[in-house]
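Q: With chain Z held as given, fit chain G onto it using these hints.
Protein chains: 2
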Amino acid sequence: MINVEIIGFAAAILTTSAFLPQVYQTWKTKDVSGLSLPMLSLFFIGVALWFVYGVCKESLSLIFANGITVISSLLLIYFKLKYVKK
Amino acid sequence: MINVEIIGFAAAILTTSAFLPQVYQTWKTKDVSGLSLPMLSLFFIGVALWFVYGVCKESLSLIFANGITVISSLLLIYFKLKYVKK
Numbered sequence: 001m002i003n004v005e006i007i008g009f010a011a012a013i014l015t016t017s018a019f020l021p022q023v024y025q026t027w028k029t030k031d032v033s034g035l036s037l038p039m040l041s042l043f044f045i046g047v048a049l050w051f052v053y054g055v056c057k058e059s060l061s062l063i064f065a066n067g068i069t070v071i072s073s074l075l076l077i078y079f080k081l082k083y084v085k086k
Numbered sequence: 087m088i089n090v091e092i093i094g095f096a097a098a099i100l101t102t103s104a105f106l107p108q109v110y111q112t113w114k115t116k117d118v119s120g121l122s123l124p125m126l127s128l129f130f131i132g133v134a135l136w137f138v139y140g141v142c143k144e145s146l147s148l149i150f151a152n153g154i155t156v157i158s159s160l161l162l163i164y165f166k167l168k169y170v171k172k
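Chains as they are written, first to last, in my numbering: chain Z, 1 to 86; chain G, 87 to 172.
This is chain Z alone, in the form it adopts within the complex (with noise of 0.2 Å):
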């Protein structure tokens, strides 16, 4: 039988890795023109609520996935702040 958190985790992890260029380019570059701050905290609530009904499902891959994007999104946030043109 396959064990169903493996399928989460392979998920999880292929998801979140896709996020994180985005986090690092952007602190990288300072270039934060092409994002959106509406776009933005509408994805962290979006996130921040996968994570709870996570919890609520006791749900190991959803925790872990939208741990990791909370912070993400919401350092995106803060870069976002931090270097737009002002």
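Treat the hints loosely; a few may be bogus.
Calculated lysine to aspartate or glutamate pairs in the EDC-like style (CA-CA distance at most 16 Å, straight line) [as the list claims (entries may be wrong)]:
1) Z:K57 with G:E144
2) G:K166 with G:D117
3) G:K143 with Z:E58
4) Z:K85 with Z:D31
5) G:K143 with Z:E5
6) Z:K82 with Z:D31
7) G:K143 with G:E91
8) Z:K80 with Z:D31
9) Z:K57 with G:E91
10) G:K168 with G:D117
11) Z:K57 with Z:E5
Rather than coming from a laboratory, the hints here were simulated on the basis of the structure.
A: Then chain G, alone, in the frame of chain Z:
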């Protein structure tokens, strides 16, 4: 008692909404220079695995959110292949 699926659906709507403008913008501008094909492919596989995970866990929120995002990311891959500068 709070229905957990309401949290899940709120999460699904927020994170899916944050992704759709990217698809729309790419479709309108045909500018795929900022999109990485390997990254999109990893993301697509990750989202497809989340979908399978959602089916295994009988989570309607996960099935709904990742069903839409599987199609969206497949569209982005199609745009990337179609509009890439030769």
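Q: Look at each hint and say if it fits the structure.
A: For each hint, the structure was consulted:
{"no.": "1", "hint": "Z:K57 with G:E144", "in the structure": "holds, 11 Å"}
{"no.": "2", "hint": "G:K166 with G:D117", "in the structure": "holds, 9 Å"}
{"no.": "3", "hint": "G:K143 with Z:E58", "in the structure": "holds, 11 Å"}
{"no.": "4", "hint": "Z:K85 with Z:D31", "in the structure": "holds, 9 Å"}
{"no.": "5", "hint": "G:K143 with Z:E5", "in the structure": "holds, 9 Å"}
{"no.": "6", "hint": "Z:K82 with Z:D31", "in the structure": "holds, 11 Å"}
{"no.": "7", "hint": "G:K143 with G:E91", "in the structure": "holds, 13 Å"}
{"no.": "8", "hint": "Z:K80 with Z:D31", "in the structure": "holds, 9 Å"}
{"no.": "9", "hint": "Z:K57 with G:E91", "in the structure": "holds, 9 Å"}
{"no.": "10", "hint": "G:K168 with G:D117", "in the structure": "holds, 11 Å"}
{"no.": "11", "hint": "Z:K57 with Z:E5", "in the structure": "holds, 13 Å"}
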